[in-house]
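Model the placement of chain B on the given structure of chain A, informed by the hints.
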Amino acid sequence: MGKYVLKSLLQIIPVLFIVSLIVFILVRVTGDPVALMLPETATAEDRAVLTQALGLDQPLYTQYVKFLGSALQGDFGQSFRYNQPALELVLERLPASFELAVAAMFFAVLMAVPLGVISAVKRNTFTDLIISGISVIGKAMPNFWMGIMLILLFSVMLGVLPVSGRGGLSHLILPAFTLGVGLAAQMTRLIRSSMLEILNQDYIRTARSKGLGRMVVIVKHAFRNGLIPVVTIMSLQFTSLIGGTLITETVFSWPGLGQLLVVAVNTHDMAIVQAAVFVIAVIVVVTNILTDVAYRLLDPRIKYD
Amino acid sequence: MTGSNEMPIPGTEQEQDNGRAPTGFRYIWQQLIISKTGMFGAVLVLLVVLIAIGAPLLTSHDPAAVNPLNRLKPPAWLEGGTAEYWLGTDNLGRDMWSRIVYGARVSLIVGMGAVIVSGIIGAILGLVSGFYGKWVDAVIMRVGDAFMAIPTILFMLVVMAIVGPGITTLIFVIGVTNWVPFTRVVRSEVLSIKERDFVHAARSIGAKNGRLILKHILPNILSSFIVICGMNVGTTIIMEASLSFLGLGIKPPDVSWGGMLSDGRQYVATSWWVATFPGLAITFTVLGVIFLGDWLRDVLDPRTETTQK
Numbered sequence: 001m002g003k004y005v006l007k008s009l010l011q012i013i014p015v016l017f018i019v020s021l022i023v024f025i026l027v028r029v030t031g032d033p034v035a036l037m038l039p040e041t042a043t044a045e046d047r048a049v050l051t052q053a054l055g056l057d058q059p060l061y062t063q064y065v066k067f068l069g070s071a072l073q074g075d076f077g078q079s080f081r082y083n084q085p086a087l088e089l090v091l092e093r094l095p096a097s098f099e100l101a102v103a104a105m106f107f108a109v110l111m112a113v114p115l116g117v118i119s120a121v122k123r124n125t126f127t128d129l130i131i132s133g134i135s136v137i138g139k140a141m142p143n144f145w146m147g148i149m150l151i152l153l154f155s156v157m158l159g160v161l162p163v164s165g166r167g168g169l170s171h172l173i174l175p176a177f178t179l180g181v182g183l184a185a186q187m188t189r190l191i192r193s194s195m196l197e198i199l200n201q202d203y204i205r206t207a208r209s210k211g212l213g214r215m216v217v218i219v220k221h222a223f224r225n226g227l228i229p230v231v232t233i234m235s236l237q238f239t240s241l242i243g244g245t246l247i248t249e250t251v252f253s254w255p256g257l258g259q260l261l262v263v264a265v266n267t268h269d270m271a272i273v274q275a276a277v278f279v280i281a282v283i284v285v286v287t288n289i290l291t292d293v294a295y296r297l298l299d300p301r302i303k304y305d
Numbered sequence: 001m002t003g004s005n006e007m008p009i010p011g012t013e014q015e016q017d018n019g020r021a022p023t024g025f026r027y028i029w030q031q032l033i034i035s036k037t038g039m040f041g042a043v044l045v046l047l048v049v050l051i052a053i054g055a056p057l058l059t060s061h062d063p064a065a066v067n068p069l070n071r072l073k074p075p076a077w078l079e080g081g082t083a084e085y086w087l088g089t090d091n092l093g094r095d096m097w098s099r100i101v102y103g104a105r106v107s108l109i110v111g112m113g114a115v116i117v118s119g120i121i122g123a124i125l126g127l128v129s130g131f132y133g134k135w136v137d138a139v140i141m142r143v144g145d146a147f148m149a150i151p152t153i154l155f156m157l158v159v160m161a162i163v164g165p166g167i168t169t170l171i172f173v174i175g176v177t178n179w180v181p182f183t184r185v186v187r188s189e190v191l192s193i194k195e196r197d198f199v200h201a202a203r204s205i206g207a208k209n210g211r212l213i214l215k216h217i218l219p220n221i222l223s224s225f226i227v228i229c230g231m232n233v234g235t236t237i238i239m240e241a242s243l244s245f246l247g248l249g250i251k252p253p254d255v256s257w258g259g260m261l262s263d264g265r266q267y268v269a270t271s272w273w274v275a276t277f278p279g280l281a282i283t284f285t286v287l288g289v290i291f292l293g294d295w296l297r298d299v300l301d302p303r304t305e306t307t308q309k
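Read top to bottom, the protein sequences are chains A and B. Each residue of the first sequence is one higher than the one before, starting from 1 at the first, in the UniProt record's numbering. Each residue of the second sequence is one higher than the one before, starting from 1 at the first, in the UniProt record's numbering.
Calculated directly from the structure, the hints in this document are not laboratory data. It cannot be assumed that every hint is accurate.
What the hints assert, rightly or not - Calculated cross-link-like contacts (lysine-lysine; reagent style DSBU-like; alpha-carbon spacing at most 30 angstroms):
1. 134(B) <-> 7(A)
2. 66(A) <-> 7(A)
3. 134(B) <-> 3(A)
4. 194(B) <-> 208(B)
5. 134(B) <-> 215(B)
6. 220(A) <-> 122(A)
7. 210(A) <-> 220(A)
8. 122(A) <-> 36(B)
9. 122(A) <-> 210(A)
This is chain B alone, in the form it adopts within the complex:
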């Protein structure tokens, strides 16, 4: 009995699979080599990932070690700078290089963790909303509208003030408050796919709703889902930095680039390096993520227009 469902039926997804361009690692790799910006993004992201993983090997100072004697030392190439603290030190005498290296960990963990959380919520709500429609859809979408009427950063700020700082809470707060764009994308994909012939065919041979959603609809929304996830990592990294800048993100001894910027802002008149380097780190990381995300969209979702056509 179970075997009959697996047979290729004309017009079902199996048949459409055969007409699709080849996928798999080799294909993706080929596409990455062709795209200059995609390669650039991949190199940048890989670099940040390696720095984050190899943090203890790359630094000789504890990023949280306070040393009042070494306050606000300039970078090595300026007068008064030493090779020991080659990017200088901050207002508490902590090594800037170590803090930037360890900050990469927080940035990546929060950036990806929060996207996974909102991705899961968005996928579930979007599938339910798009598939079942009617009042379920209306309720989810109106709640989404209300969420969108409050600026996301404000929402996160208020929740963080209530639950308190920390990496895990930050991941969940950013993830939970940012669910609306994910839900909307998944829902609109489901709306178009559930009317396709292969879904009707599967339903007509007796497939239950759960099977329709998981076996027939979910695999077909996967590429646009990955695309929206990829495009949101950069935004999430900036959100983490913004919250930490406002003093409501992570708490010491964890290091956040946004928190470093908030220290640096107060010393910008005398010690420019404290505010400059963490900002550069954020910009390069987000730039890499954006380029990689754009490339991913071009490869997985060819319907949308490419940035450079």
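In isolation and in its complexed conformation, chain A is listed as follows:
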């Protein structure tokens, strides 16, 4: 097992290496960092000074090695907008985004588990049809529009929840719900199909024929096993959840990493963009590997090699 975990951890290295290459190409090769960093009024002399200061007059591979070297030490340069190290700014915003993502996950599970199980147990009934309909609509609605509509309903018309910002629980409800709905829509469909498969298994029939109650069989025998594939796919959804925070945080002015990034992209604050993309990639890769390990621990049928 330890050997397996070690092997998984080693896989992080090539992926992050390619990520660093992508980030480098994006920022250094496709664009002109000097033009992006200087105001439009800059003179040719200013440009030359900055080009030299950034080492942009050196060959590309030297630049990449230097970039990779400082990235490994956590140095992505200074944000010219905040005048602080970029990585520091990114890490400062992480707790707010983490709070939002966990709350969204919570909402998604809260909605998807009962809906998915019910629609599988009552398959092909009117209830199933309604639940499928809701999950398709949840998938079709852009989440930023739903966020605006929720603000309209709960903040403008009913006046019960705050419009934006971060504060107590009341500030968290609308953004977390908005971010959670898209996830819930996908999870509902997954839980449904996973439960359908399991409800047809022999051991479920055995459990029923022993005289166990319907609820006991559904919850203890079927649901526990139905959850395994859902956990894996949820970890894959984690990436799109992080992508979703970019938009949800913008809609609700939530002071997280997503909002910082959107502002940084719009103001061409490339140091922050580099640091944020890197940090997000690390989080995604590590999460995927951890879920993979957890999944293998949960399901003893899977071998470790």
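This is chain B only, laid out in the frame that chain A set:
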């Protein structure tokens, strides 16, 4: 010499073709009539397509014409609304109806254009990766893993910030950054098909790699390829709207539903219609595309489970 290759050989694709269910337009049409959700999706999509094509006939205002005197007029059925601007006007006095109608064009063009771009990249890389295997496959797949470690929307956002807004750039940026799911589907199909008897048979009578890929493997992955393309149009439409919402999609005077939503967000407290109608337009369009895509999957790729069985 060339004629010998065209003869039906036992176990090759020609023989398997004969056992397959009838295809063609009539068959597809029959299947569409049977499926309620498929028909619903087709009607919705057709409606949006017709609106997009007939945009100049359906509107009497220029979607980009600014009129400060007509700022934030409510829809016709509310107090203060006029029949001239029946869905109201936005914060710059532009006609909401015209903007929604012209927004359909951008949505459809970007949605389909980007899918075509990622489809082409995915097909080529998937065929190469699945067919040749070894280090080629390893490199393509690891690069794919790295792409997947960066949320797609973030990737697009950064690239759009560098290359600047516009419809053509948007199509290519969404298309190029979204190649991984297409490549993975094509690759996994190729992996199973290249081990089938008819491919081995073709190889044993001397068919070259290029011929094997184009004549024997490609036709057999076509249905799952069309399915993955169909299922991605909806996602792509939402991606375009999201990028335009964040201010990095298309640029004026082109109209995007996502851009309209970003204007509407600021006026949601006083003028609800500016943010409501573009969102409804996106939701209905994507809903139609999803239903049509699900139906397409059921018809072309019967191995996968249908949503309503």
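The hints, checked one at a time:
{"no.": "1", "hint": "134(B) <-> 7(A)", "in the structure": "20 angstroms, holds"}
{"no.": "2", "hint": "66(A) <-> 7(A)", "in the structure": "28 angstroms, holds"}
{"no.": "3", "hint": "134(B) <-> 3(A)", "in the structure": "25 angstroms, holds"}
{"no.": "4", "hint": "194(B) <-> 208(B)", "in the structure": "13 angstroms, holds"}
{"no.": "5", "hint": "134(B) <-> 215(B)", "in the structure": "22 angstroms, holds"}
{"no.": "6", "hint": "220(A) <-> 122(A)", "in the structure": "18 angstroms, holds"}
{"no.": "7", "hint": "210(A) <-> 220(A)", "in the structure": "14 angstroms, holds"}
{"no.": "8", "hint": "122(A) <-> 36(B)", "in the structure": "21 angstroms, holds"}
{"no.": "9", "hint": "122(A) <-> 210(A)", "in the structure": "22 angstroms, holds"}
The structure is consistent with each of the numbered hints, conforming to all of them.
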